[in-house]
Amino acid sequence: MPKTPVDSPQALGRRRVLTTAAWAAPVLATAVASPMASASPCTLQYPGSVRFTAVGALPANYTRSTTTPTLAGSANVALVGAPAKVTPFTVSITSAAVSTNYVRRAENFSLLNATETPQGGGAPVAGVARFAIVQTAPAGGAPPAGAANIGQTVTFTFPRPVRSLSFNILGFTRSGIATYGDAAYITGATFTSGANGSQVSGQGTKTNPWTTNTVNADPVNSINAPQVSAANSVTGVSFAGPLTTFSIHYYSSLGVGAAQGLFLSNMNFTASCG
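If you're matching positions, the sequence shown starts at 1 in the working numbering and goes up one per residue.
Because the hints were derived from the structure by calculation, they are not lab data.
Treat the numbers as computed from the prediction; the structure is a model and nothing was measured.
Ideal placement from N, C-alpha and C gives every residue a C-beta, glycine not left out.
Where hints are given, some of them may not hold.
What the hints assert, rightly or not - Ranges of calculated distance between the beta carbons of each label pair, as one might list FRET restraints:
#1 V86 - G257: 42 to 50 Å
#2 T87 - S201: 15 to 23 Å
#3 A178 - V86: 47 to 55 Å
#4 S198 - A57: 18 to 26 Å
#5 T100 - G274: 36 to 44 Å
Using the sequences plus the hints, can you model the full thing?
Below, the structure is given as C-alpha cells:
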C-alpha cells in the first residue's frame with residue numbers, strides 16, 4: 001500500500017484538523033471562591049428600651065430636663081449586644097401646648113407612682129413608676145370636632161430609625177362630676193392600636209381617639225379609685241417601623257375644667273448601632 005508523503009496535501013490537512021481541535025478544546029477554569037463579606041455590625045438590629053421604671057438590674061434611664069422639667073426629658077439608651085464603639089442613642093421627649101387654655105402641671109414629664117391621685121401623686125415606687133403626662137383641662141367642655149387647639153402634644157424623637165417599638169398607655173379616667181374625660185390619639189407614624197381595656201373606646205387616631213367610656217374616678221378624690229388598671233389602659237401599642245418620631249396628643253373630651261393625667265409604660269424597640 002503506498003505511503004502518503006509527510007508534506008502531501010492529505011498530511012497537511014490532518015495536521016490542520018489536529019491543531020484546530022487543540023485550540024477548540026474546552027479549558028476547565030479553576031474557580032477561586034472569595035470569602036463572603038461579613039455583615040457590618042451596624043446593619044444589625046439591637047434591642048433597646050426607654051425605661052421609666054427599673055427592670056431587674058437595669059435602672060430607669062429617663063431623666064427630666066434640668067432647665068425645662070415640665071416640657072422636656074431624655075433617655076440615654078444602651079443597645080444590648082451592640083459593638084462597644086456605638087454611636088450614642090439618646091431619645092428626646094418634648095411637650096408643646098396647643099392651647100393657651102391648657103396648663104401643664106408641675107408633675108408633667110415626671111416619674112410618678114401611677115396608682116394615686118389624678119395628678120399622679122406620690123414619689124416613684126419600684127416597679128410602678130410611670131412617665132406622667134399631666135395637665136389641667138380648660139373649662140367649657142369638649143373642643144369642637146376636629147379642632148387643633150386641644151391639650152398638649154408629647155413628641156418622641158429617636159436619633160435614628162427604630163423598629164418594633166411597643167408600649168402601653170395607662171389610666172384613661174373620667175370624673176363622676178364631668179370635670180374631665182381623658183382622650184388621646186397618635187400621629188407621625190403608622191401603628192397598631194393594641195388592646196383596649198373595658199373602660200376605653202377608640203383606636204387612637206385623630207378621627208377615632210381613645211376615650212374613657214365610663215365614669216371610673218371618684219368625683220371628689222380619685223385616690224379611692226384605681227388610677228391605673230387593666231380596664232382603663234391600652235396595651236400593646238406597636239409600630240413596625242422604621243420610624244424616627246411620633247406624637248401623642250392628650251386632651252379632655254368633656255368637662256368644666258380639672259386636672260387630668262395619663263401614664264406611659266417602658267418603651268421597647270430595636271435599632272442599629274450607628
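The hints, checked one at a time:
no. : hint                    : in the structure
1   : V86 - G257: 42 to 50 Å  : 47 Å, holds
2   : T87 - S201: 15 to 23 Å  : 41 Å, violated
3   : A178 - V86: 47 to 55 Å  : 51 Å, holds
4   : S198 - A57: 18 to 26 Å  : 35 Å, violated
5   : T100 - G274: 36 to 44 Å : 41 Å, holds
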